[in-house]
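Chain A is already provided as a structure; the job is to place chain B on it using the hints.
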Amino acid sequence: MSDLTAPRRSASRESLASRSAVMALMFILAVYFLLPVYFLIVAATKPQGDLAATNGLAFSHFNLFGNLHTLFTRSDGIFLKWAMNSVIYAVLGAGVGTLISAMCGYALAKFSFRGREFLFSVVLGGVLVPTTALALPLFLLFSSTGLVNTYWAVFLPSIVSPFGVYLARIFAAAAVPEELLESARLDGAGEFRTFFSVSSRLMAPSLVTIFLFQFVAIWNNFFLPMVMLQKESLFPVTLGLFEWNGQTARAPLLQESVITGSLVSIVPVIVVFVLLQRFWRTGLAAGSLK
Amino acid sequence: MTDTETRAERVVAAPDVPRPRRRRPGGGPRAGTIAAFVTPFFLPFVLFYLVPVGYALWQSFRVVRRTGGQYGTSYTTFGGFHQYGQVLQNSEFWSSIGRIGLFGVVQVPVMLFVALIMALLLDTPLLKAKAFFRISAFMPYAVPGVIAAIMWSYLYSPQLSPVVDLLGHLGLHPDFLGPSAVLWSTANVSTWLWTGYNMLIMFSALQAIPQELYEAAKLDGASNWAIAWRIKVPIIAPSIVLTTVFSIIGTLQLYAEPAVLRQISSNISSTFTPNMLAYAVASGNNYQQAAAISVVIALITFVLSFGFMRLTSKRAGL
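Chains A and B, in that order, are what the protein sequence lines are. Per my numbering, the very first residue in the first sequence carries number 207; after that it's consecutive. Per my numbering, the very first residue in the second sequence carries number 9; after that it's consecutive.
I should point out that these hints are in silico values taken from the structure, not numbers from a laboratory. Incorrect hints may have been included.
[To be verified] Quick look at which bits of chain B chain A covers, simulated, 3 or more residues with Cβ under 8 Å:
#	region
1	38-47
2	288-301
[Unchecked claim] In silico negatives: residues of chain A with every beta carbon more than 10 Å from chain B:
#	residue
3	GLY262
4	PHE265
5	ASN269
6	HIS275
7	ASP282
8	ILE294
9	LEU298
10	ALA379
11	ALA380
12	PRO383
13	LEU386
14	ASP393
15	GLU397
16	SER403
17	VAL414
18	GLN436
Remember, it's a predicted structure, so these values are computed and weren't measured experimentally. Backbone N, C-alpha and C define an ideal beta-carbon position, used for all residues, glycine too.
One chain only, chain A, in its complex shape (with noise of 0.2 Å):
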């Protein structure tokens, strides 16, 4: 009530106050999320003796080429080969990913067909179980199978996204009108012709989002490759720097490589992130829609 009957604030008044104390607040939070990034940064340009003699937020003697030298010539250059397998599983995986999460979610948004809504939610509740709660009993599977120790081990499970077919679903019926599906039909093209060469067209933003997330699902994962690899050469970078971090109380040389590789490996994404953030946005916000 007291709204109603009070005089108006003055505008300017209200927002001086309240700018300063928002933009103060604001500023603190963005301290916080920046400043792991920001010591890791100045922690990657300095020689290991340099770690713990200086201040960790100042700069001192500029090591960086030196330090990346020793990551990718270390063990034999097994970073480079770990990098390239994160590569690998999170590029591939997310791109084969991508095609039969759109196909199936196409299929859900625009053929109807007996058992379609049964499939969904098949779909909806793949979305709610955790992949750390897979690892294990497919480990199992696997070893009787002989794939434990490959790179299947670790790349055919991440070709799954029950979310990648969720954001397809909501994004074929949006995107693709019912009455084109109708001509291309009446003129005789195949359902496969008219998904790869009209309606994938018409979902390419979409298709993006979606390996996108699933791009950074895969290339973020470590339960799985931990669970299903021993052997170094195919672990991913996430496994690789875990091993040597866990070796840095025997071998304290080794922390320099590791905060050196924690930069190398975060650097390539977090700037396809922020040059591809609009599609974050729209993926975040249909997976809101739910």
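Just chain B now, with coordinates in the frame of chain A:
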């Protein structure tokens, strides 16, 4: 009348106009085509999602027995609820559940509250440089949990951390890796990783609200504060419920972050979280017990997330 007419027409027309064989009545594609679209997803989905779930369930009802004494050959057989009995009697299981429960009860509300405040502020005209704040908060989502935990572990470490140095100058000597603090240090890594992601889900929902909804309230002199809490928050409630459910699921699955902090802190045991316990048990080759632990974790996750959704939808009167 028209009904019988059309029926009659159809009877007459049927022999003349041959029904297209390969098309379904709605003009849609035939079953084989539909299968070709959905099978590439559902085949791996069944193999790598459903079969493991079924396999874990099956394993959890089995026990290992030996024929004749300690040196006899081992075999597995049906054991009823034996494994579940073991899980429920396992004090390490209960302490990991208690730990993660405490973690979730504090971390999830704090994280979602910060995310909500940020989303609301980004949706007001009060703020400048919105893109910068939005991106800096969302950026940690691009960082793998392992690497986030490695970065923070350097900020926690008494030898290397500039934060510890800074607090030391102020006369404070926190031990981020101490027995009581280490749980909250882990919670901080999760908060750092996921606040921006949740914020963006809520922010996207806010952006979808038509501006006209606020116009009337503004004309009535409602403050930004009142508009935020009485109009915006109730409208985006489904998004808040969704982020809560995802956070509950994520908390119960916690593994990577505590596993990294364990490398520098002796105060994190190998059975710190339920998932770490399941892995430790599986590493000891007791797969049936590990499967039962996984099933119990999944059941708890299911009950909590659906319970929460039911509770909130009832309260909202939906």
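Here is what the structure says about each hint:
For the region 38-47 of chain B, the stated coverage by chain A holds: 6 residues have a C-beta nearer than 8 Å to a C-beta of that chain, and at least 3 were required. Counting residues of the region 288-301 of chain B whose C-beta sits closer than 8 Å to any C-beta of chain A gives 4, which meets the bar of three, so the coverage hint holds. With a cut of 10 Å on Cβ distances, A:GLY262 falls inside the contact zone with chain B, its closest approach being about 3 Å. With a least CB separation of 12 Å from chain B, A:PHE265 remains clear of the 10 Å interface cut-off, as annotated.
The beta carbon of A:ASN269 sits about 16 Å from the closest Cβ of chain B, which is more than 10 Å, so the claim that it is off the interface holds. With a least CB separation of 21 Å from chain B, A:HIS275 remains clear of the 10 Å interface cut-off, as annotated. Even its closest Cβ contact with chain B, about 23 Å, leaves A:ASP282 beyond 10 Å, as expected for a residue assigned away from the interface. A:ILE294, annotated as away from the interface, keeps every beta carbon of chain B farther than 10 Å; the closest lies near 16 Å.
With a closest Cβ-Cβ approach of about 14 Å to chain B, A:LEU298 is found to remain outside the 10 Å limit, as its non-interface label requires. Listed as a non-interface residue, A:ALA379 keeps its Cβ farther than 10 Å from every Cβ of chain B; the least gap is roughly 15 Å. For A:ALA380, the condition that its CB be more than 10 Å from all CB atoms of chain B holds, with the nearest at approximately 13 Å. For A:PRO383, the shortest C-beta to C-beta distance to chain B comes to about 15 Å, beyond the 10 Å cut-off, and the non-interface label holds.
The beta carbon of A:LEU386 is kept farther than 10 Å from every beta carbon of chain B, the shortest such distance being approximately 13 Å. At roughly 13 Å from the closest C-beta of chain B, the C-beta of A:ASP393 stays outside 10 Å, upholding its exclusion from the interface. A:GLU397, annotated as away from the interface, has a beta carbon of chain B within 10 Å; the closest lies near 5 Å. The Cβ of A:SER403 sits about 15 Å from the closest Cβ of chain B, beyond the 10 Å cut-off, so the non-interface label holds.
Its beta-carbon lying about 16 Å from the closest one in chain B, A:VAL414 satisfies the requirement of being farther than 10 Å from that chain. Against chain B, the non-interface label of A:GLN436 holds: every CB pair exceeds 10 Å, the least being about 12 Å.
Going down the numbered hints, you'll see the structure goes against 3, 15, while the others check out.
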